[in-house]
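Protein chains: 2
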Amino acid sequence: MKLAIVFGGESYEHEISIVSAIALKKVISCELVYIFCDKNRDFFLIPTDEINSKRFSSGEYLKDRKLSLKKGGFYTKKLFGIEQKVDFDVAINIIHGADGEDGKIASLFDFFGIKYIGPRIEGSVISYNKLFTKLYAKSLDVNVLNYEIVTQKNRKISLPLPVIIKPLRLGSSIGVGVVKEQDELEYALDVAFEYDDEVLVEPFIQNVAEYNIAGCKVGKNIIYSTIEEPQKNEFLDFEKKYMDFSRTQKVFEAKINEVIYSEIRKNFAKLYNSLFEGAIIRCDFFVIENRVFLNEINPNPGSLANYLFEEFDSVIQSLADALPKTKKIDVDYRFINEIQSAKGKA
Amino acid sequence: MKLAIVFGGESYEHEISIVSAIALKKVISCELVYIFCDKNRDFFLIPTDEINSKRFSSGEYLKDRKLSLKKGGFYTKKLFGIEQKVDFDVAINIIHGADGEDGKIASLFDFFGIKYIGPRIEGSVISYNKLFTKLYAKSLDVNVLNYEIVTQKNRKISLPLPVIIKPLRLGSSIGVGVVKEQDELEYALDVAFEYDDEVLVEPFIQNVAEYNIAGCKVGKNIIYSTIEEPQKNEFLDFEKKYMDFSRTQKVFEAKINEVIYSEIRKNFAKLYNSLFEGAIIRCDFFVIENRVFLNEINPNPGSLANYLFEEFDSVIQSLADALPKTKKIDVDYRFINEIQSAKGKA
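Residue numbers (my numbering), protein chains in the order written: chain A, 1 to 346; chain B, 1 to 346.
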């Protein structure tokens, strides 16, 4: 099998997508093709054996072969204007944040008929917008923290301090701030409003126990990863998370009791099914007074959370073989033909 | 101003999109360009003065100029392989159902930088999936009918009969059935499952009062349409609705009291803001015992619900001038450069 790693994008997480994509080289054994989406949304074919982060920061990639995305795949232009299709079996969407996790890449791939590992449109939109994630989780009886949404026009907060403030639509801790004292509030809001017109406010719980679990559905079964208790500072800031995206070392199972362990898995299965079919997602949970709460859903986690899986390589292969199929809709012009024939008789 | 009407799509509502697109010719005064997306998702430039429904049902459109969609717009191929961009200021997405209302066209236009009238990705996904519509409406304190979701695996219904059964993700009454007696249930479910793996069940209320209102936001203000009480049979079936999509005749304001009138507008404003900016949407409400309930949101209503507006032509023009802007995200490679420079020093 030949996999195409699609990365980059017009996103605040453009750079961590590059790091994430390069990390996959170490953990996937089959042949890889690298397709870079630059910040202007032009696509380039990057030679797999020459890939490194400097190629992108220096602009050197601009000399690589430019691709066009259209029906059926990515194409390179050859001499005399004849195009050649880039050969791969399945694409992996590893664009983080905007473009990759907001539904755009899913839509492009669905529209142009490209098979891919990654969240579909609905899963993207529901996980990208933190309000929609809350509504979705609550509809499944998955606990979430209290929250409120504030806008530029209405910056009033009713939750008691300390709170954590997040742009409604970004990942990777960008624009996120903790507010412990009243006089820190305005600044934290200003920072968050740099990234979104709507901001989510939640209670901030010092030293809350956090557990991450990843997984995907293959056929009727969910493959669960190890559950990890991530190392953290007060909360994961962007630079810490940036480094996190290049992780390839395996982790140890978190020390939790059986009830919590099965509760976390149960919640993961509820959230995954069937919205995220085709994707490897990571869900981050809090445990507070023995109750499990969803913090967030990452539909395209850093380097696909490979470090959480015992056998990541085979997970990827089996997922690639079990992607959701879209039903072909047939158009037969029955109604227009009926009208035409009625007109003919008139 | 020059507007491009984009219509067709791989959708069960492909044909009504054609009818809907042609109807717009009668109600928009500025220059129109017609771009057809056929059932195979190839695009064609249809001569505006020759457009009629038979051109599509007969396959005659295949002789029209083929277009490719990419960065900046739609392009025709000219002699010697040189491409020419189709000239227009703003596109109108008039693809109904799949492709047009599920977020795909919104994503394509956002990704390729095409200005358009139509729902954005989030608005599309929230209105296309009837469960998400319910969750969204409830979060805004807009009333919705009770409901349950059934799947092929779990076809049990707990709501008392009569119920109305709808595929979770289609518009235009396709696959919808009313179940009054227990022995009609299995057949109605079978029909709905033809179109979706998940099915929404709601109480069916005979002769419920229904009111439709359309509108859009221009600047800070919502332009509301007339509120119509639609003529209906038991419920709007597909053929009836199909005819509805070609409507261009103005309607009369429904006979409702002031409280209900302002309640309907208030609910519309809550639902519109800010999820549907850039689109003309139509919301269909029920009134039951003097309470207003949302039935559904049409983010791309038939022929843009032109018949509901006093001055449709000027609504379109002012909306086209006030489309939401997307923020350009700048990528400066700060983190990669820092790492590179740290490595250099090591």
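Possibly wrong hints are sitting among the right ones.
Same chains, same label: a pair holds when it works inside one copy or across any pair of copies.
[Claimed, not checked] Here are the simulated DMTMM-like cross-link-like pairs (lysine to aspartate or glutamate), alpha carbons at most 25 Å apart as the crow flies:
hint, residue 1, residue 2
1, K71, D87
2, K39, E148
3, K266, E181
4, K180, D190
5, K153, D141
6, K39, D141
7, K54, E229
These are calculated hints, taken from the structure and not from any lab test.
Consistency of the hints with the structure:
1. K71 x D87: both (14 Å within a copy, 23 Å between copies)
2. K39 x E148: Neither: 33 Å inside a chain and 43 Å across chains, both beyond 25 Å.
3. K266 x E181: Answer is neither: 37 Å inside a copy and 37 Å across each miss the 25 Å cutoff.
4. K180 x D190: Classified as within: same-chain Cα gap 16 Å, cross-chain 55 Å, threshold 25 Å.
5. K153 x D141: Answer is between: at 20 Å across copies they meet the 25 Å cutoff, but 32 Å inside does not.
6. K39 x D141: neither (39 Å within a copy, 40 Å between copies)
7. K54 x E229: neither (32 Å within a copy, 63 Å between copies)
Going down the numbered hints, you'll see the structure goes against 2, 3, 6, 7, while the others check out.
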